[in-house]
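From first to last, the protein sequence lines are chains A and B.
The UniProt record's numbering puts the first sequence at residues 1 to 240.
The UniProt record's numbering puts the second sequence at residues 1 to 213.
Bear in mind the hints are in silico, worked out from the structure with no lab data behind them.
Just so you know, even glycine gets a beta-carbon here, dropped at the ideal spot from N, CA and C.
A hint or two may mislead.
What the hints assert, rightly or not - Label pairs and their in silico Cβ distance ranges:
| # | chain 1 | residue 1 | chain 2 | residue 2 | range |
| --- | --- | --- | --- | --- | --- |
| 1 | A | Ile192 | B | Asn40 | 15 to 21 Å |
| 2 | B | His128 | A | Val13 | 46 to 52 Å |
| 3 | B | Ala113 | A | Asp93 | 45 to 51 Å |
| 4 | B | Ser57 | A | Gly204 | 39 to 45 Å |
| 5 | B | Gly122 | A | Ile184 | 30 to 36 Å |
| 6 | B | His85 | A | Leu181 | 28 to 34 Å |
| 7 | A | Val5 | B | Gln72 | 40 to 46 Å |
| 8 | A | Ile184 | B | Leu109 | 20 to 26 Å |
| 9 | A | Pro185 | B | His128 | 26 to 32 Å |
| 10 | A | Leu82 | B | His85 | 28 to 34 Å |
As the list claims (entries may be wrong) - If you want the footprint, here are the derived chain B segments under chain A, 3+ residues with CB under 8 Å:
| # | segment |
| --- | --- |
| 11 | 2-14 |
| 12 | 19-27 |
| 13 | 75-85 |
| 14 | 111-118 |
| 15 | 162-176 |
| 16 | 180-187 |
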Amino acid sequence: MTPKVPAMPLAVVRVSAWRAMALVVRRDLRASLRQRQDLLNPLLFFFMVVTLFPLGVSPEVSFLQQAGSGILWVAALLSTLLSLDHLFRHDFDDGTLEQMVLQPQPLFLLVLAKSVAHWLLTGLPLVMLAPVLGVMLHLDGNSIAILCLTLLIGTPVLSLIGAIGAALTLGLRAGGVLLSLLIIPLYIPVLIFGTGTVAAAANGAPVGGYLALMMAFLVLAITLAPFASAAALRISLSNS
Amino acid sequence: MSEPMLKAVNLQCERGDRILFQGLDVSIVPGTITRVEGPNGAGKTTLLRILAGLNDSYTGDLFWCGEPRAWQREVFHRNLLYIGHRPGIKPLLTPLENLRALSAVRRPLSDGALCQALDGTGLQGYYHVQCRNLSAGQQRRVALARLLVSDEPLWILDEAFTALDYHGVAGLEQLLVEHAASGGAVVITTHHDLDLPGMARLKLGVGEPMNDA
Chain A
1 MTPKVPAMPL AVVRVSAWRA MALVVRRDLR ASLRQRQDLL NPLLFFFMVV
51 TLFPLGVSPE VSFLQQAGSG ILWVAALLST LLSLDHLFRH DFDDGTLEQM
101 VLQPQPLFLL VLAKSVAHWL LTGLPLVMLA PVLGVMLHLD GNSIAILCLT
151 LLIGTPVLSL IGAIGAALTL GLRAGGVLLS LLIIPLYIPV LIFGTGTVAA
201 AANGAPVGGY LALMMAFLVL AITLAPFASA AALRISLSNS
Chain B
1 MSEPMLKAVN LQCERGDRIL FQGLDVSIVP GTITRVEGPN GAGKTTLLRI
51 LAGLNDSYTG DLFWCGEPRA WQREVFHRNL LYIGHRPGIK PLLTPLENLR
101 ALSAVRRPLS DGALCQALDG TGLQGYYHVQ CRNLSAGQQR RVALARLLVS
151 DEPLWILDEA FTALDYHGVA GLEQLLVEHA ASGGAVVITT HHDLDLPGMA
201 RLKLGVGEPM NDA
């Protein structure tokens, strides 16, 4: 019954992982820039939460100076959390994620690329908006500079760790609540050291050690989180 | 008969409290088209996802070119083209961007070649229209354009004929036959009445409930 035909030659892996990562980032950026309200949402949330503190608690300069960095950090953390559900959701729904798992390149590198795209689309805008809000909260120039630096180092960590939670809760219907419960405890060290750095700077203490620790978080997150996210994605897809 | 490309031995898969299939041996040989058949819920999609390496909740062994598949994930995935229920077409991207994103990670192709593939599926003039503005059948055609630029020997297609019109179905059937004739292999599920020369059929029954309490 079977016609005897010579087997087709096997295809060879010719596209490097770097190139594949660049393609993932480019596709994500392109798709997101065509759906701008998704991008604006975390930024608006960040802005509004920060604005509510002077209105809701106290507009006193002394209070705002003291609490300002904490407010900005918590707001940045929450708005990152808000955007996490979208990280893999669209790709899951339209099947792009399946295709990503089936790419010949290592999945953890592709997941890393997705986290980078997520940071470029949510974390980086938050960092850029932070100085404006810092001025609004009467932070001095030095504090604002240090705050932005900590956010610059800290927000990629938030994206990377968040990707683990987003991947784990992908197949679940009420994933949002679980995502927060899973991820917020992991965010706490970043928050403590982020605000701690600014507080130290405000007191005139050296911040080198704090920044080194935050960089260590970042290195740890870059090297380990993508493996966890990739494994979680496989499990979520396996059960879908 | 030539050496099987993909071979599954003694596959068993459970879903919920039901055994979808057990003791299933599948052998995908170059030059063949295998149609997986069975009623709704028989586990056709599950089987295809297991064969493609998307679903890990099974017992049994899978071999690619005679070696355990788990050892050679990269090579296996490079040689597999899987198009599922959800074909991986982003609604916000245009057909050209979608096709490029899906195929450029496998091998570099010029835009000319990609456009030609889109032409081949009847999408001339839609290169730069966002896919959300296309019909379901047209979106399916974007996914199927991948077959025209494919150099992967193994195609696994889940419900490939969904939403296609008469000409689309005929074109796809011809494509499958040509792929098999050139030494590739196709595994397909469809509710469409498909009868190709030399097509093998793999029947899945409705699983029996497990008898332990």
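> Which hint numbers does the structure go against, in order from smallest to largest?
Replying inline: As far as the earlier hints go, 1, 2, 3, 4, 5, 7, 8, 9, 12, 14 and 15 are violated by this structure, in ascending order.
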